[in-house]
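Novice: Residue strings, one per chain:
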Amino acid sequence: MKTLLELDSVAARYGPVQALHNVSLVVREGEVVAVLGANGAGKTTTLRAISGIVSRTGAIELEGKSLKGGPEAAARAGIAHVPEGRGTFVDLTVTENLRLGAYSSRTRSVKADIKRVAEYFPWMLERGGQRAGTLSGGEQQMLALGRALMSRPRLMLLDEPSLGLAPLVVREFFRIVRKLNEEDGLTVLVVEQDARIALNASTRAYVLEVGRVALTGPSAELRDDESIRRSYLGY
Amino acid sequence: MVLAAFSDFMQQVVSGLASGGIYALLALALVIIHRSTGVINFAQGEMATLSTYIAWALIAHHGWRYAPAFVATLLISFVGGIAIHRVVIRPVERGSVLRIVIVTIGLLVAINGFVIWEWSGEPQQLQSPFGTDTYSIGGVVIAAHDIGTIAVALGIVLLLWVLFRFTKVGLALRAVAVNPEEARLVGVRVSWMLALGWGLAALLGAVAGMLTAPTVGLDPNMMAAVLIYSFAAAVLGGIDSPIGAVVGGLLIGVLLNLLSYLSQYDMFDWFTEELRLPMALLVILAVLLVRPQGIFGKPAVKRV
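Chains as they are written, first to last, in our numbering: chain A, 1 to 235; chain B, 1 to 304.
In short, the hints are calculated from the structure, not lab data. Hints are supplied without guarantee of correctness; some may be wrong.
[As the list claims (entries may be wrong)] Cross-link-like lysine-lysine pairs, in silico, BS3-like; alpha carbons within 30 Å at most:
#1 Lys65(A) <-> Lys2(A)
#2 Lys168(B) <-> Lys68(A)
#3 Lys115(A) <-> Lys179(A)
#4 Lys168(B) <-> Lys111(A)
#5 Lys179(A) <-> Lys2(A)
#6 Lys179(A) <-> Lys65(A)
#7 Lys179(A) <-> Lys111(A)
#8 Lys168(B) <-> Lys298(B)
#9 Lys168(B) <-> Lys65(A)
#10 Lys298(B) <-> Lys179(A)
#11 Lys68(A) <-> Lys2(A)
[Unchecked claim] Residues of chain B clear of chain A, computed beta-carbon distances all greater than 10 Å:
#12 Asp8
#13 Val97
#14 Ala172
#15 Ala195
Predicted model, so just to flag it, every value in this text is computed and none were measured. All C-beta atoms in this analysis are idealised placements derived from N, C-alpha and C, irrespective of residue type, glycine included.
Using the sequences plus the hints, can you model the full thing?
Specialist: Written out as structure tokens, the structure reads:
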């Protein structure tokens with residue numbers, strides 16, 4: 001499989017705090033890759049470094065081309081970042097949120113794209129005029145996913161999608177992510193604290209510890225190795 | 001007798017709507033900048049004055065006709081507003097709100113000084129594009145300029161509404177106002193959207209100034225009082241609500257005129273024209289105390 005995203009010795013800091021020391025990872029086309037680790041291990045920072053929200057050193061390449069500049073440039077390059085804590089425009093309607101998702105795509109058929117995305121979330125068509133802020137937490141997370149899809153991304157970054165959601169909603173969310181991966185070939189890099197659900201949904205995984213990659217392998221192997229589970233994943 | 005009182009009343013309402021339309025435009029400018037940059041632009045009035053002087057200079061000194069001068073002034077103001085953001089505001093944008101506010105106050109003084117230096121403080125006359133005719137409809141005497149002002153204000157509000165509601169740029173402008181971090185993630189160039197907001201605000205100010213000058217006379221301080229009324233309008237409607245700015249502007253205009261009208265009766269005979277500005281300040285104070293979010297605003301919710 002072709003390499004889509006490659007991080008080589010990436011480091012990043014918030015002021016005096018070194019959040020990432022040395023992270024190298026690869027995401028191939030069509031994969032769902034999970035990044036696991038404890039609080040403060042650098043999972044979110046990894047995603048923020050990829051989409052240029054934090055400045056970093058080291059090389060980040062998307063399809064062999066170096067990613068430079070801020071989040072606007074990353075969005076144009078084909079990266080859709082769903083940040084931690086939903087990330088919808090609460091004062092705007094469902095439809096407006098979806099339209100914004102297509103902001104940096106060159107598509108001329110925003111309406112057709114909304115229909116296409118709504119095949120996964122039919123309620124978004126019926127409730128298109130509703131303000132995003134009045135949706136439930138689960139619905140907002142789905143809307144954030146739908147909005148990310150609107151950009152027809154090469155790579156989707158998901159930051160802690162399970163945070164604050166009921167287990168049933170989390171399962172539904174990852175079911176849709178898997179479906180998108182299998183049917184549309186969507187490539188996903190997902191950061192999760194809930195290792196169990198992330199290992200079930202992903203093909204490969206990286207485990208971070210204090211800003212470094214501590215361990216990597218196929219998700220099934222990590223899941224089945226009890227000592228790894230106990231010492232790194234805490235379940 | 002009753003009929004005369006009614007036509008008097010209607011006259012005050014119509015001219016109140018006309019001045020209210022001007023307050024609405026300037027209040028909209030304040031709201032647009034407040035939503036994107038998060039501050040009150042104290043230089044908004046002086047920016048409008050400068051624009052109006054440019055229109056006047058094009059007509060009086062360079063022999064332009066009104067219509068092309070009007071359009072050119074809008075363009076110059078729009079570009080000028082963008083330039084002000086890029087050159088003066090953007091460098092301090094990452095600092096505290098207070099820094100930006102102080103910069104806008106500095107801008108107020110600087111523009112005022114520039115206008116006096118360039119065109120002297122002498123009052124000038126800017127013609128009304130609608131002429132000086134008056135119409136009498138059922139005994140109600142209405143100035144053509146007032147009707148024109150109301151029409152232009154409503155037209156501009158309608159255009160803005162279409163821009164914000166139906167265009168991609170308008171959607172991006174609103175997204176930036178709601179959540180700039182998120183907007184960047186979907187690929188919106190936030191900094192340019194803020195500049196665009198300043199351009200639109202300067203353009204609105206230009207229209208407000210050109211509609212104000214024919215009635216009050218063009219002088220370097222002509223927008224000072226208008227800006228206070230527009231503050232009152234924006235606060236009354238809700239400082240983050242464009243609809244609120246329009247409704248607030250019209251309400252303030254009509255309210256002040258009704259007080260003038262009522263002053264012929266004993267109960268309101270204390271009201272004189274000198275009290276118009278203090279009344280506006282009273283409105284600001286009352287709204288901030290009783291309903292700080294204004295008529296259309298949402299109460300501020302802070303996560304703790």
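Novice: Mind listing which of the numbered hints don't hold for this structure, in increasing order?
Specialist: 10 and 14
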